[in-house]
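Visitor: Same order as they appear, the protein sequences are chains A and B. According to my numbering, the first sequence holds residues 1 to 254 in order. According to my numbering, the second sequence holds residues 1 to 254 in order.
Treat the hints as calculated values from the structure; they're not laboratory data. Predicted model, so just to flag it, every value in this text is computed and none were measured. Some hints could be false.
Any copy, or any two copies together, can satisfy a pair, since identical chains are not distinguished.
Unchecked claim - Simulated pairs of lysine to aspartate or glutamate, EDC-like, Cα-Cα distance not exceeding 20 angstroms:
id, residue 1, residue 2
1, K120, D200
2, K225, D68
3, K155, E224
4, K221, E95
5, K44, D24
6, K201, E114
7, K155, D67
In case you want the letters, here they are:
2 protein chains.
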Amino acid sequence: MIDIVIFGTGNVAYHLCKAMHSSDKITVKQVYGRTKRSLKSIPKYIDTTTSLTNLKKAEVYIIAISDDAINDFSKIIPVSNSLVVHTSGSVPMSELDNHNRKGVFYPLQSFSKERELSFKTIPICLETEHQDDLDLLKEVGLALSDHVEVIDSQKRATLHLAAVFVNNFVNHLYAIGHDLLKEESLSFDLLKPLIHETADKINNINPSKAQTGPAIRNDLKTIEKHIHLLKNNSDKEAYRMFSTIISKSYGKEL
Amino acid sequence: MIDIVIFGTGNVAYHLCKAMHSSDKITVKQVYGRTKRSLKSIPKYIDTTTSLTNLKKAEVYIIAISDDAINDFSKIIPVSNSLVVHTSGSVPMSELDNHNRKGVFYPLQSFSKERELSFKTIPICLETEHQDDLDLLKEVGLALSDHVEVIDSQKRATLHLAAVFVNNFVNHLYAIGHDLLKEESLSFDLLKPLIHETADKINNINPSKAQTGPAIRNDLKTIEKHIHLLKNNSDKEAYRMFSTIISKSYGKEL
Numbered sequence: 001m002i003d004i005v006i007f008g009t010g011n012v013a014y015h016l017c018k019a020m021h022s023s024d025k026i027t028v029k030q031v032y033g034r035t036k037r038s039l040k041s042i043p044k045y046i047d048t049t050t051s052l053t054n055l056k057k058a059e060v061y062i063i064a065i066s067d068d069a070i071n072d073f074s075k076i077i078p079v080s081n082s083l084v085v086h087t088s089g090s091v092p093m094s095e096l097d098n099h100n101r102k103g104v105f106y107p108l109q110s111f112s113k114e115r116e117l118s119f120k121t122i123p124i125c126l127e128t129e130h131q132d133d134l135d136l137l138k139e140v141g142l143a144l145s146d147h148v149e150v151i152d153s154q155k156r157a158t159l160h161l162a163a164v165f166v167n168n169f170v171n172h173l174y175a176i177g178h179d180l181l182k183e184e185s186l187s188f189d190l191l192k193p194l195i196h197e198t199a200d201k202i203n204n205i206n207p208s209k210a211q212t213g214p215a216i217r218n219d220l221k222t223i224e225k226h227i228h229l230l231k232n233n234s235d236k237e238a239y240r241m242f243s244t245i246i247s248k249s250y251g252k253e254l
Numbered sequence: 001m002i003d004i005v006i007f008g009t010g011n012v013a014y015h016l017c018k019a020m021h022s023s024d025k026i027t028v029k030q031v032y033g034r035t036k037r038s039l040k041s042i043p044k045y046i047d048t049t050t051s052l053t054n055l056k057k058a059e060v061y062i063i064a065i066s067d068d069a070i071n072d073f074s075k076i077i078p079v080s081n082s083l084v085v086h087t088s089g090s091v092p093m094s095e096l097d098n099h100n101r102k103g104v105f106y107p108l109q110s111f112s113k114e115r116e117l118s119f120k121t122i123p124i125c126l127e128t129e130h131q132d133d134l135d136l137l138k139e140v141g142l143a144l145s146d147h148v149e150v151i152d153s154q155k156r157a158t159l160h161l162a163a164v165f166v167n168n169f170v171n172h173l174y175a176i177g178h179d180l181l182k183e184e185s186l187s188f189d190l191l192k193p194l195i196h197e198t199a200d201k202i203n204n205i206n207p208s209k210a211q212t213g214p215a216i217r218n219d220l221k222t223i224e225k226h227i228h229l230l231k232n233n234s235d236k237e238a239y240r241m242f243s244t245i246i247s248k249s250y251g252k253e254l
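Make a model of the complete structure from these sequences and hints.
Guide: Printed below as a string of structure tokens:
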């Protein structure tokens, strides 16, 4: 069994706890949260603490807190020469403090407490300073997921950036679609099969090859009609920008 | 059995043919294409023609051709007072010529020949001038799908516009993600679980509630880092625009 301590009570910490608890190769010895209230989200079967002085011993200490707090927090962890990893896509491994061995354990997924997730398909991106630590993190990763990859800080930054495009920005487009339909009292359910097919299509077609719509056809009549239909200026701006970049990307200037 | 003639050989015509052929309530009597070559994509078990003078009789004539050709084509169909419908999201029903009874049969999905689709879950949006025709189109629609809706031209235009956001624009974001990873020799497979979870999440969470990422957190440090990482100017522009509109939409000015 590999003993783990997790720092943090957010979505990543919550899902890590649940997935690690159900693995027979990992024991979550303890979860640290700043307040008792924040620890309420952590499953009751896991030992928790609000005090760093009560910290249990572990083979891997996982910092699953907000990106901008990682550096400061890594300085005050009261263990030395232990393996301390963070779970962030955008923070370089080097931001961890030097008094412990550094590593990254980045599960590439969008976590929310409202949704159960299977870790099995989630890519887990690992980085360490030392080979022994990498071997240990691989064991942890493979206990949760079938997709464990070694990825350095530079590549991970690009991965996280790409994730912002395909998750955050895509989700905002869903929100625009939702609101457009709401104004016409149409159910968002109408768009769901299209949203799922669009996402499923990229399983076997390169997204550039799957591109369709008025912009790639250079269908100025429909584009103008659509911009006219939009009430919200930021929606108009988004529509114009996409139409321009799509038609540029595929070699047709609007 | 309801007899159907389809005009067109594109993706919509192809998928309609296949779905209608496998229904025991519909017979595709004929498919019309301008050239023999274009008709090659149509399954061999369906009768085809390149001449409008050889047109078979049907209860519903379906125009499944490009949007800007619908009006002209509807004028030359050599039948009168028959039900002639188009399959377009953005073309008003009124663009069909007056010498036939008008209707719309709009399957809200992104079709490509490379992918098999189940029609059962695809919303089919109907519009007609006459109640009898609506009843007939409903029968056709329900033979293919569990989701048949009556939607007028104005609402359908909004639906199509929303579809452009959640399909065309989303797909372009997938393409950007794909290309960013390719530059770093990373596999696009890494992003697929995230893409699918992002799409699945909207099944039970309103997309506005599911929004995460640097822009909604007003995390200027990560935003600047990301813009700096992007090499392509249009990617930088897209990133800036999304960050601004996301943070504006959620009440935080960047």
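Visitor: List, from low to high, the hint numbers that the structure doesn't satisfy.
Guide: none
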